[in-house]
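Undergrad: Just so we're aligned: 348 in our numbering is position 132 of the sequence shown, and the numbers increase by one with no gaps anywhere.
If you're looking for bench data, these hints aren't it; they were derived computationally from the structure.
Worth double-checking, as some hints may not be accurate.
[Claimed, not checked] Now the in silico label distances, taken between C-beta atoms and shown as ranges:
hint, residue 1, residue 2, range
1, N273, S384, 25 to 33 Å
2, G500, H313, 26 to 34 Å
3, R518, E299, 38 to 46 Å
4, K524, E342, 31 to 39 Å
5, T274, S305, 14 to 22 Å
6, K524, P363, 38 to 46 Å
7, Q400, E509, 34 to 42 Å
We treat Cβ as the ideally placed atom computed from N, Cα and C, and that holds for glycine.
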Amino acid sequence: MSSSQNNCVLSQDILMEILSRLPIKDIGRLKCVSKGLNHLVSDSTFVKLHLQRSSKNTHMLLTFEDYHINRTRNYAVVCPVQELLDHPSSTLKTLHHKHLPFNRKYNVLGACNGLVCLQDSCIDDEFEEYWFRIGNPTTRVMTKDSPHIRLNRRDYWLMFGFGYDEWSDSYQVVLLDNNRNQSQKLEVSVCCLGDTCWRNTLTCDAVTPMIGLQSRGTCGAFVSGTLNWLVYPRSHCDDKRGPKMNELEIFCYDLRKETRSFFSMPDGILEVRAFEPVLKVLNGCLCLSHHHEDNFVVWLKREFIDEKSWSKLLNINYQDDIDQCPSYMNVICMREKDGAVLVANTVFDANFIWYNSRDDRREGREYYGQDIWSLFSYDYVQSLVFPRRK
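Based on the provided sequences and hints, a complete structural model is requested.
TA: Pasting the structure below:
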């Protein structure tokens, strides 16, 4: 047999299939082996294939503020879910010391396909300007500032969101601007990654976001190509008594169709006053949490397009567990296989609490320190996605 017959040359397709199953760190090392491998693993086709093969629900993006000697520092760090569930306090402490804080007070608008959107702003007497940057914490690549959008300062809330439209292969920042020019209208503006300006995509009747003390209502939850916000019912916007939980609505903006729709709260939700509800994404599903008397209630929407797919994840009594500020309880992460859920009381008590969602049983509690406030989490997947339009 000749030596040429012994040579085995893999086709590029087979090589991509093999390499797409490797962890990010190993692929990073391959970039240094040869120009050919560097070109292969940097190709957009390979990047998308690797993202498809990446394990989901294994990492979280944690954001928090550190108050130290009258100075606030903001962090956004990636953490394995397993480490958080096993040793949450020590993991948070390690992340705190390993990662540098932002040099500005960025607002995290969301995370999608391994990219994180950071928003900044500045204010003068009459106007406020907003812009954003998008980065990949895994590859440590960050965009420059986006085009600025300049708005008159008014006493109402703006709503932002960050998501991905698979059809156009575009990462988008969405702004919902209520009551522009006192017209009682909502204008939706979009800026895609790589755009040179913002564009208006929709004008409709104004809505009022349901915003709690944590101000999470201003950031949309991205699921299945849509951004979602909790809003007051349109018929109760002027009701000073405030809406009940079963009267709230979810405002849904479709990134591909550039349309809006509404859907209702879970069937069976109590007719109680809406107290600090939070809408977020947990394990790829919409997650709704709220308080009722001494209970913290969490719902999960398993199938986004199915209105009836809401199910109750937790219904826990915190009277014996939490003595201060129950309104600052956040669901941090969960593990489906055994029903483990990690919840954080993020202000004065600064505690992690483990629960078993199968029987609403508390399984442990751990203090993580009073210097860290406003702890919040986002679904995150490690990826090679470039934070720029190629």
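Undergrad: Indicate, hint by hint, whether the structure satisfies it.
TA: Hints, verified against the model:
1. N273 x S384: 25 to 33 Å: holds, 26 Å
2. G500 x H313: 26 to 34 Å: Holds, since G500 and H313 (Cβ atoms, about 30 Å apart) stay within the stated range.
3. R518 x E299: 38 to 46 Å: violated, 26 Å
4. K524 x E342: 31 to 39 Å: For E342 against K524, whose Cβ atoms are near 48 Å apart, the range 31 to 39 Å is violated.
5. T274 x S305: 14 to 22 Å: For S305 against T274, whose Cβ atoms are near 20 Å apart, the range 14 to 22 Å holds.
6. K524 x P363: 38 to 46 Å: holds, 41 Å
7. Q400 x E509: 34 to 42 Å: Roughly 36 Å apart at Cβ, these two residues keep to the hinted range, so it holds.
In the structure shown, a violation is registered for the earlier hints numbered 3, 4, in ascending order.
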